[in-house]
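Visitor: Residue strings, one per chain:
Protein chains: 2
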Amino acid sequence: MWTLHQFPLCPFSRKVRILLAEKDVEFAMQLAYPWEKSDELMDLNRAGQTPVLSGERGGPLVDSTVIAEYFDETVQKSPLMGSGASARAEVRRLTIWFDQKCYAEAVNPLLLERMYKRLVLRQPPDARMLRVAGQALAQHLDYIEYLLGERRWLAGGSFSLADISAAAHLSVADYLGGLSFDGYPDAKTWYSTIKSRPSVRRLLPDRMEGLSPPQHYDKLDF
Amino acid sequence: MWTLHQFPLCPFSRKVRILLAEKDVEFAMQLAYPWEKSDELMDLNRAGQTPVLSGERGGPLVDSTVIAEYFDETVQKSPLMGSGASARAEVRRLTIWFDQKCYAEAVNPLLLERMYKRLVLRQPPDARMLRVAGQALAQHLDYIEYLLGERRWLAGGSFSLADISAAAHLSVADYLGGLSFDGYPDAKTWYSTIKSRPSVRRLLPDRMEGLSPPQHYDKLDF
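Top line first, the protein sequences correspond to chains A and B. Under my numbering, think of the first position of the first sequence as 251, with each following residue one higher. Under my numbering, think of the first position of the second sequence as 251, with each following residue one higher.
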C-alpha cells in the first residue's frame with residue numbers, strides 16, 4: 251500500500267488526498283512537517299517538500315502534479331484531466347493557476363502568518379500581510395465566479411483536477427479563517443457541492459495540532 | 251501557424267522554443283515583456299506571463315508545461331515525456347525541479363538583478379543577492395552532476411523535457427554571466443551535447459536589447 255507523507259494544512263497534500271479518494275486508491279498517511287527537514291522526508295524528496303507518496307514499485311512519487319498525472323494514467327476510474335488535448339490543456343492551466351499563483355499570492359502568506367508564525371516561530375501575524383493575502387484571495391474568488399458564469403466546473407463540463415486543486419487551496423484558507431464567499435454566489439454553490447463529495451468530506455475532520463479552524467469550517471451549510 | 255509570445259531571456263519561453271523545434275512544429279515569434287502588461291498579453295493570459303502560444307484552433311496555450319504536455323500528446327515525433335507512467339513521473343519531477351526550484355532560487359534572482367534592474371529599474375545589482383543566486387546555481391549543478399553519474403540524460407536513458415527545461419534555465423544563467431562548469435565535468439559534457447542540438451543552437455544567436463552575453467555564451471567549445 252502507498253504511504254502519503256503529508257501534514258493537515260498542506261494544500262498540495264490535500265489535493266493528493268482528494269484525487270486518490272476520487273480514484274479509490276488506498277493509502278496510509280504519515281505526518282511530515284517540511285520545516286523539520288527529517289532525514290526520512292529528505293531521503294524521499296531532495297526538495298524536502300510534502301506531499302510524497304512512497305511504498306509501491308519504483309521510486310517514491312514526488313510533487314502533487316506528478317502524482318496526479320501518474321494516477322490519471324494508471325487508474326481508469328474518475329478521469330480527472332479532461333478528454334482531448336485541448337481540454338487537458340485547460341485543466342492543466344487552471345491547476346497550475348491555483349497551485350502556483352493562488353498559492354503564492356494568498357495561501358502561502360496565510361500559512362506563514364497564521365500557522366508557521368504561531369506554531370513554529372511563536373510570533374504574532376503581520377496584519378498588513380494578512381490584508382494583502384485577503385485581497386489576493388478575493389481576486390481568486392472573482393476569477394472562480396467568472397469561470398463558473400460560463401461553465402459547470404472550473405475547467406469545463408466535467409469535474410477535474412482543477413476543481414480539486416482550487417478546493418484544496420481554498421479549504422486551507424478557510425481553515426485559517428481567511429475565506430468569505432460574500433458576493434460570490436456561484437463560487438459558494440460550487441464549493442458547497444465540492445465539500446459534499448466523500449473525497450473532500452473525509453479530510454475536513456482533520457485538525458492541525460495547536461490550531462483550530464472556525465466553527466463553519468467543516469459544515470456543509472456554511 | 252502558431253505564434254509564440256516570448257522574450258529572449260524568458261527561460262520558460264526558451265523551453266517551449268526548444269521543444270517545438272525538437273517536434274518540428276513551426277511557429278512565429280512575437281516579443282512580449284510581461285512587466286509591460288500589454289493588453290494583448292493580458293487578453294491571452296490573465297496571469298500576464300510568457301510564454302503563450304496563440305493562433306491555431308481553440309484558445310491560446312498558456313504555460314510552458316501545458317504547452318509541453320499538449321505537443322507531446324498531439325505530435326508523435328521526438329517523445330519528450332518518457333515511456334511508461336514511472337518514467338514520466340521522473341521526467342515531470344525533474345522538469346518541476348528546474349522550473350520551480352532552480353528558477354526561484356537561482357535564475358529568477360539573476361534575472362531580477364542583472365536584467366530587470368538594468369533595463370527597467372535602471373539600478374545597479376545587489377552583490378549579496380548575486381552571491382546567493384550563484385551559490386544556489388552551484389547546488390543545482392551539483393545535482394545535475396549527481397544525476398549524470400547514474401544516467402545518460404537527466405531523467406534516465408532518453409533525452410526528455412527535463413533536459414530541455416534544465417538547459418533553458420542554465421542558458422539564461424549563462425547569458426547573464428552566472429554559470430561556471432568548473433568542478434562539474436559531467437554536467438559540462440551534457441550541456442555541450444545539448445548546445446550542439448539544432449533546437450538549442452537556433453536560439454543562441456538571440457540577444458536581449460541592451461544586454462550582451464559573455465563571449466563564450468554561444469560557443470560550442472566553452
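Worth flagging that the hints you see were computed from the coordinates, not collected in a lab. Backbone N, C-alpha and C define an ideal beta-carbon position, used for all residues, glycine too. Keep in mind that the hints are not guaranteed to be accurate.
Taking beta-carbon pairs under 10 Å as the criterion, some of the chain A residues facing chain B (in silico) [stated by the list, open to error]:
hint	residue
1	E319
2	Y320
3	R343
Visitor: Quick check: which numbered hints come out false for this structure?
Guide: Of the numbered hints given earlier, the structure breaks none, since each of them holds.
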